[in-house]
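Sequence order for the protein chains is A and B.
Counting in the working numbering, the first sequence runs from 5 upward without gaps.
Counting in the working numbering, the second sequence runs from -15 upward without gaps.
Careful, some of the hints might be misleading.
[As the list claims (entries may be wrong)] Just so you have them, the derived chain A footprint on chain B, three or more residues with Cβ under 8 Å:
id : region
1  : 236 to 248
2  : 256 to 267
3  : 300 to 306
4  : 346 to 360
5  : 393 to 403
6  : 414 to 423
Treat the hints as calculated values from the structure; they're not laboratory data.
In this text the structure is predicted, and so the values were computed from the model without any measurement.
Glycine included, every Cβ here is placed at the ideal spot set by N, Cα and C.
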Amino acid sequence: MNYKLNAIKTISKRRIFETVISPGFYVATAAGLFLGYYLLSGFLDSVDSGGLNFSLHPVYNQIVETLSGAFGITFVEKLFSEGPFVFVLFVSFIPVFLYHAINTVFKFGFEKNVGALELLMYGPSDGTCFFLSFFIKDVLFTVIYIFTLTLFFYLSAVINNLVLGPMFYFSLLIIFFLAVSGYSYGILASVLSGNAATSVALFSGIVVFFVILQIGSFAITRDYVKNLTNVIMWFIKWISPFFYMDIGLSAALYGNFFLLLLSILSIIIISAVLLLISHFVLKVKGVRP
Amino acid sequence: MKKFMLIFSISFLLLLLEKELKADVPEKIEQLVYTIIAFNGKDYTHTFCRENEGTFYLIADKGNFITVRKTFIYYWPITKQWNAEYDLLNEMMDGHIELREKKSNEIKKIDTSVYTYFNIRGEYESSWKIRTGADAYREIENWKKKYNDYIRKVEDYHDKFEIYRKRFNELLKIITDLQSEGEDISKVLKEIDSLEQPKEPVPPQYYNIPPASPEEAFIFNLPEGEYFVKFIMKDGTVLEGSEKKVITFTRRRKNGIGFEIIPGDKWTKPVQNKNPRSVLYINGSTDLFLRPFIQDEYNDLYYNKMVRNDSTGNINLFNWLKIQQVPDAKIGLLELNERAKVIMEEPFMVEQVKGSGLGYRIVPFEPEGKHEGGRPNLIAFHIPITGNEKRLKLCVKDRNDNIITGSERQIRIIHETGFRKILLIYVLLPVGIMIFVLISRRKKKNVC
Chain A
5 MNYKLNAIKT ISKRRIFETV ISPGFYVATA AGLFLGYYLL SGFLDSVDSG
55 GLNFSLHPVY NQIVETLSGA FGITFVEKLF SEGPFVFVLF VSFIPVFLYH
105 AINTVFKFGF EKNVGALELL MYGPSDGTCF FLSFFIKDVL FTVIYIFTLT
155 LFFYLSAVIN NLVLGPMFYF SLLIIFFLAV SGYSYGILAS VLSGNAATSV
205 ALFSGIVVFF VILQIGSFAI TRDYVKNLTN VIMWFIKWIS PFFYMDIGLS
255 AALYGNFFLL LLSILSIIII SAVLLLISHF VLKVKGVRP
Chain B
-15 MKKFMLIFSI SFLLLLLEKE LKADVPEKIE QLVYTIIAFN GKDYTHTFCR
35 ENEGTFYLIA DKGNFITVRK TFIYYWPITK QWNAEYDLLN EMMDGHIELR
85 EKKSNEIKKI DTSVYTYFNI RGEYESSWKI RTGADAYREI ENWKKKYNDY
135 IRKVEDYHDK FEIYRKRFNE LLKIITDLQS EGEDISKVLK EIDSLEQPKE
185 PVPPQYYNIP PASPEEAFIF NLPEGEYFVK FIMKDGTVLE GSEKKVITFT
235 RRRKNGIGFE IIPGDKWTKP VQNKNPRSVL YINGSTDLFL RPFIQDEYND
285 LYYNKMVRND STGNINLFNW LKIQQVPDAK IGLLELNERA KVIMEEPFMV
335 EQVKGSGLGY RIVPFEPEGK HEGGRPNLIA FHIPITGNEK RLKLCVKDRN
385 DNIITGSERQ IRIIHETGFR KILLIYVLLP VGIMIFVLIS RRKKKNVC
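Here chain A stands alone, though its shape is the one from the complex (with noise of 0.2 Å):
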């Protein structure tokens, strides 16, 4: 076990040194905060002598009207109660996030296909070393990330005399866990499939199947629509972080602290099932290409 963990220390480190000494992580993160950066001046530009008048900035503008279209004007209001804080997190969130888990998505497959793995295991290591290493990284970068991010939001509300409200805060403690099982479901398409492009995939399209389906049932659709969400989503949604992540903001919306909490336990759980099945899938199919 020992021997292990030391493995897993080992890979880790050597993951984390490749992503401070290559540009993509500066990129993703520069590109987030830039995001946020613009989202937040567009916000300030649409403070009016009554309030908030998002016509006064064009992009805004054509956010807000989409929002409201879709999941309608109660949902915006809401959105923006506190200030743009809550909006502007999950949107600089994004870029990073699809860095790290596309990243260890392709890397994983890749040095499948390449024979790394297999290398590896002739050590003390094994699969699921080489996939937990890949996970500390994502996993340590996310931290980093959500840690200057706040750190920025912070300034910006300290020079902008804008407010980090609670919902703020119980975002960025969500958020954290929804990119742990991100990296989860990342980790489980990359054992699943055989190849790096197969895996990005397979990836790909389950994240876009959960928003979509989150989507579905959030938004004001036709109820035919409605209902075939709702019912797709009844079988889902146990399994969709999405869905435990809405229970959690709605939650801490309404002051509820414990299903907050439970709402967060479920994702963790999520993550480690997502983790266990991984190791049990490489145990069964081996690490060859």
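Keeping the supplied structure of chain A fixed, place chain B upon it in accordance with the hints.
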């Protein structure tokens, strides 16, 4: 030839534009509709449920008036709404409604009743009353009696006022004559002083909104739940297209506090601040005028559909709805590092600014000064914004000076700051680190 070509081109162009130039006349469709006069938490609103809509929504445990009729409906694309043309066709269906509760499967027969509804002066929504059958007629009679009494008093007042005015003018004439003749006027002045101006009668105070003329409808006063309805004709057959689902719902939370915010420079465009956690961001260019109101929280979709059956909403969300103004409220205002101030409700007048700017300004109402005889345009709490403050905290206090739960709000004044650009350095920091890492790696490689 050229002339012919020109005429031909214009005719062709007009032919192409024919559809664009013609006003769109909406197509009217004959349909069986459920007309609904629904209680919306504070008032009654009218809507109708057309054949394509399978469900209508009502607030539970409140009286709502339903009728089944044939009429013409049309879609109005400008407002994106369906409207009914009752003037063209308004055929009431004869029969009864069969109502089945989804949960218990219990079936209930509902017959039409004669009803009236009215609003009496009170503080809360319970001031709406319904009377049915003979009581409805009695209530209407009661109102008519009160109204007729009032009209009689008004006529009497006008007669007396006319006599008063005539006598007053006569005495004024006498005074002028006596003065021109240099005689004593004290006697006449005494009579003028003793003249009593008749008092204008007050309209009936009991009713805020008097009872409506008697109508016949199915009265739905149902507990929260889901129901299925169908219209049964006199011959016992189910009327085709009459089967609908009815959802009755209640508010999830009540007595929240919302604010109507009227910026000094846009008094015709008030905005609402309903979420108890919300922060109000303003640019501080003008003073604010606030009107706190009591609000209840309803399901977004159910409420919107109850008010207008063809509208949309989000079933997953709940929305606060204004019910009425907070009675006898005060606003506690806390500026940063300062002691709390209490602001009282005041009357204001909106004045047109003279000059080419054609703006307006909101000034305190002066009943004994320049606004004598007028009525205030606005009654609100004035929150002065000087432009120096960065944040204000406010809360609503009741008549006993207790802070009303959920009424606390924060106002943040956003000033244009040059520091905003500094954040760009932070945004570009990762790129800087990346360049540093890449250069140091390259240097290391070269050393090796």
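Evaluated hints:
Evaluation of the coverage hint for the region 236 to 248 of chain B: fulfilled, as 4 residues show C-beta separations to chain A shorter than 8 Å, against a requirement of three. Proximity of the region 256 to 267 of chain B to chain A, defined as three or more residues with a beta carbon under 8 Å from a beta carbon of that chain, is established by the 10 residues found. A count of 4 residues in the region 300 to 306 of chain B with a Cβ less than 8 Å from any Cβ of chain A is obtained; the coverage claim is therefore met, three being the minimum. Using a Cβ-Cβ cut-off of 8 Å, 0 residues of the region 346 to 360 of chain B lie near chain A, which falls short of the minimum of three, so the contact claim is violated.
Taking a C-beta to C-beta cut-off of 8 Å, the region 393 to 403 of chain B contributes 7 residues in contact with chain A, enough for the three needed, and the coverage statement holds. Look at the region 414 to 423 of chain B against chain A: 6 of its residues bring a Cβ nearer than 8 Å to a Cβ of that chain, three or more, so the hint holds.
In summary, the one numbered hint that this structure violates is 4.
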